[in-house]
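2 protein chains.
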Amino acid sequence: MKILALTVVSASLLMASPLAKQATDAGLKPIPNDKNELQKLIDNPKNPITAMKVELGKKLYFDPRLSKSNLISCNTCHNLATGGTDGVSAAIGHKWTANPHHLNSPTVYNAVFFSAQFWDGRDPDLEKQAQGPIQAHPEMAATKEHVVNTVTSMPQYVGEFKAAYGDDVKIDFEKVTDTIATFERTLVTPSRFDAFLNGNASALSQAEKDGLKTFIDKGCTTCHNGVGIGQDMNAFEVTAQYKHRNLGDFKGDANGMVKVPTLRNIVETAPYFHNGAIWDLKEAVIEMGRIQLGLDITDAEAESIVTFLKSLTGKKPNVLYPELPARTASTPKPSAD
Amino acid sequence: MKILALTVVSASLLMASPLAKQATDAGLKPIPNDKNELQKLIDNPKNPITAMKVELGKKLYFDPRLSKSNLISCNTCHNLATGGTDGVSAAIGHKWTANPHHLNSPTVYNAVFFSAQFWDGRDPDLEKQAQGPIQAHPEMAATKEHVVNTVTSMPQYVGEFKAAYGDDVKIDFEKVTDTIATFERTLVTPSRFDAFLNGNASALSQAEKDGLKTFIDKGCTTCHNGVGIGQDMNAFEVTAQYKHRNLGDFKGDANGMVKVPTLRNIVETAPYFHNGAIWDLKEAVIEMGRIQLGLDITDAEAESIVTFLKSLTGKKPNVLYPELPARTASTPKPSAD
Chain A
1 MKILALTVVS
11 ASLLMASPLA
21 KQATDAGLKP
31 IPNDKNELQK
41 LIDNPKNPIT
51 AMKVELGKKL
61 YFDPRLSKSN
71 LISCNTCHNL
81 ATGGTDGVSA
91 AIGHKWTANP
101 HHLNSPTVYN
111 AVFFSAQFWD
121 GRDPDLEKQA
131 QGPIQAHPEM
141 AATKEHVVNT
151 VTSMPQYVGE
161 FKAAYGDDVK
171 IDFEKVTDTI
181 ATFERTLVTP
191 SRFDAFLNGN
201 ASALSQAEKD
211 GLKTFIDKGC
221 TTCHNGVGIG
231 QDMNAFEVTA
241 QYKHRNLGDF
251 KGDANGMVKV
261 PTLRNIVETA
271 PYFHNGAIWD
281 LKEAVIEMGR
291 IQLGLDITDA
301 EAESIVTFLK
311 SLTGKKPNVL
321 YPELPARTAS
331 TPKPSAD
Chain B
1 MKILALTVVS
11 ASLLMASPLA
21 KQATDAGLKP
31 IPNDKNELQK
41 LIDNPKNPIT
51 AMKVELGKKL
61 YFDPRLSKSN
71 LISCNTCHNL
81 ATGGTDGVSA
91 AIGHKWTANP
101 HHLNSPTVYN
111 AVFFSAQFWD
121 GRDPDLEKQA
131 QGPIQAHPEM
141 AATKEHVVNT
151 VTSMPQYVGE
161 FKAAYGDDVK
171 IDFEKVTDTI
181 ATFERTLVTP
191 SRFDAFLNGN
201 ASALSQAEKD
211 GLKTFIDKGC
221 TTCHNGVGIG
231 QDMNAFEVTA
241 QYKHRNLGDF
251 KGDANGMVKV
261 PTLRNIVETA
271 PYFHNGAIWD
281 LKEAVIEMGR
291 IQLGLDITDA
301 EAESIVTFLK
311 SLTGKKPNVL
321 YPELPARTAS
331 TPKPSAD
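Top to bottom, those sequences are chains A and B.
Just so you know, we're using my numbering here: the first sequence kicks off at 1 and counts up by one.
Just so you know, we're using my numbering here: the second sequence kicks off at 1 and counts up by one.
Hint data in this document are derived by calculation from the structure and do not stem from the laboratory.
One or more hints might be untrue.
Just so you know, same-sequence chains aren't split out, so a pair can sit in one copy or run between any two.
[Said to hold, decoys possible] Only pairs whose alpha carbons sit at most 30 angstroms apart, straight line, appear in this in silico DSS-like list of lysine-lysine:
(1) K316 - K59
(2) K333 - K310
(3) K128 - K40
(4) K95 - K40
(5) K333 - K95
(6) K95 - K144
(7) K282 - K333
(8) K175 - K333
(9) K162 - K213
(10) K46 - K170
(11) K282 - K35
(12) K251 - K333
(13) K213 - K170
(14) K333 - K315
(15) K59 - K315
(16) K162 - K46
(17) K162 - K310
(18) K59 - K21
(19) K21 - K46
If you're wondering where the values come from, they're calculated on a predicted model, not measured in any experiment.
Chain A on its own, in the form it takes in the complex (with noise of 0.2 angstroms):
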């Protein structure tokens, strides 16, 4: 008789559901259970993950030194302890200054996943992403030469990015960008949702399988799709059909695209939209709905999607906070001007 239900048990687990299957030709992907696969995916062929790497990559996330002030990381916008994002309206950065397009913070955490970065897609991947907000005048304020400065000034950086990459290691600026981003590919939080994708038919429950349900039906994957949940630049235009419009002047891609954001961790990371505009979820659920699939999603509808999305809060990595290496001589000085 154990046996026997054992066996039950384990078939359960291996057959994907019915709605498991429809999630997947709606276009929802997991994160990968198998070690291997997963580090497929976030891999960098160009820049391989190493653990020294990713340790290094951290310590340049979380120092603040690498801005012109000196009192703004990385972290200070994506910060790994609320959802990976500041939970403000419109990123604030060098001498307080608020993003002059209003765009919100996107958050860090399975960034990896996404096809393009940035609100309007600019750039393709997080090597590259890494180089914008630390120089950008309201965000870190950095130069080139300050970060490269900073982070040569101090012989445990040097010694450390030695150790990563080879004695013969040539610390220039991409070389931090592309470490900091190493790091951030590693920042995946796989979910219950992923448990229930990859096989487990009880790792939802019934309230957030027909919350899922509702997702899928409406359309949400129409753009909420892939791994990311949310990766690509959608179909929609942004600018004719924002009711917050009157925030911020961003106008999306060429094209008028905006990116998607990923769903994952969403009850983590108010306010909602490019612009930030609002926050509560039902009520970003529902605008959705209008803006983006001109339907009208009822408020028992909305309710289940939400039960649905809080699903997708995802273990995070266990980051023990870096013992940054001490300021040398050498070592530029802040200016908060």
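For this one, chain A is given, so just place chain B on it according to the hints.
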């Protein structure tokens, strides 16, 4: 033979060297090796340290949502990654406002050993201290109501307060700041110097021992003493003598006294002095000799003292970066104004 050798080593470990005795006679005290002794030293009898309070206090310490803007946490100015400080001359807070008295952020590491908190020593302990910067306008700029409403809006926080203090806990502003202080009490960093004072004569190199001797002989221990190696108000007027008194209008306490900063981890906490006026440690040593001791410390003597000071870099506690509770509909919204 082997047994004899072991006996000799053991004896040298237990016997304080003459220099260690001289250091102790001069008022220097080690962080105790013994866990119970250390616990007694850092504990608060009115609110005893427990693992649950420390974990909750860590979350609050790192939570930027306690600030008005939701962008500034305790860790912003007392960054555990960079020696417990922000590494800028004068602290910069809400709306990018510099400290109006041009005061430098003191380190939080080992602050539990200070007999007085703040540069003017106005608060007696970390519990009282933690109430200041959260409410100060150029720092976190929050009201007590903002802090309490933020914390109590998140059921996970409420649950953790109940787990830490009992179901009838009253989560008021003081309970929040007391819990932050409990975490801060654990931030002590034993160094090789402590091992030396605790009886391991070979924990310091000969050059470091020479530096320690110079440090004592010059009279630095007049102010830099105790477990904090700088923990009380000092006996000299701040206003009359500082070369850099053009930076800010700080006048010390009612008697013109300034709190002696700790020298622990001093190579990580530049720039130096209450006004953050000097970046170079050797220059700071020479300047202190001139101002506070009325004597000329030579370049060679200052270098020797710096060699000793480097041995005060301690082992930091491992801090797993927290995952903070998600905000809810009733969590106060940030305001950057």
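Hints versus structure:
no. : hint        : in the structure
1   : K316 - K59  : both (18 angstroms within a copy, 15 angstroms between copies)
2   : K333 - K310 : between (44 angstroms within a copy, 21 angstroms between copies)
3   : K128 - K40  : within (20 angstroms within a copy, 51 angstroms between copies)
4   : K95 - K40   : neither (40 angstroms within a copy, 44 angstroms between copies)
5   : K333 - K95  : both (16 angstroms within a copy, 21 angstroms between copies)
6   : K95 - K144  : both (19 angstroms within a copy, 26 angstroms between copies)
7   : K282 - K333 : between (46 angstroms within a copy, 17 angstroms between copies)
8   : K175 - K333 : within (22 angstroms within a copy, 38 angstroms between copies)
9   : K162 - K213 : neither (51 angstroms within a copy, 38 angstroms between copies)
10  : K46 - K170  : within (16 angstroms within a copy, 55 angstroms between copies)
11  : K282 - K35  : neither (34 angstroms within a copy, 51 angstroms between copies)
12  : K251 - K333 : between (37 angstroms within a copy, 26 angstroms between copies)
13  : K213 - K170 : neither (51 angstroms within a copy, 43 angstroms between copies)
14  : K333 - K315 : between (38 angstroms within a copy, 26 angstroms between copies)
15  : K59 - K315  : both (21 angstroms within a copy, 17 angstroms between copies)
16  : K162 - K46  : within (18 angstroms within a copy, 50 angstroms between copies)
17  : K162 - K310 : between (43 angstroms within a copy, 25 angstroms between copies)
18  : K59 - K21   : neither (41 angstroms within a copy, 40 angstroms between copies)
19  : K21 - K46   : neither (34 angstroms within a copy, 58 angstroms between copies)
Hints 4, 9, 11, 13, 18, 19, counting from the list given before, are not met by this structure.
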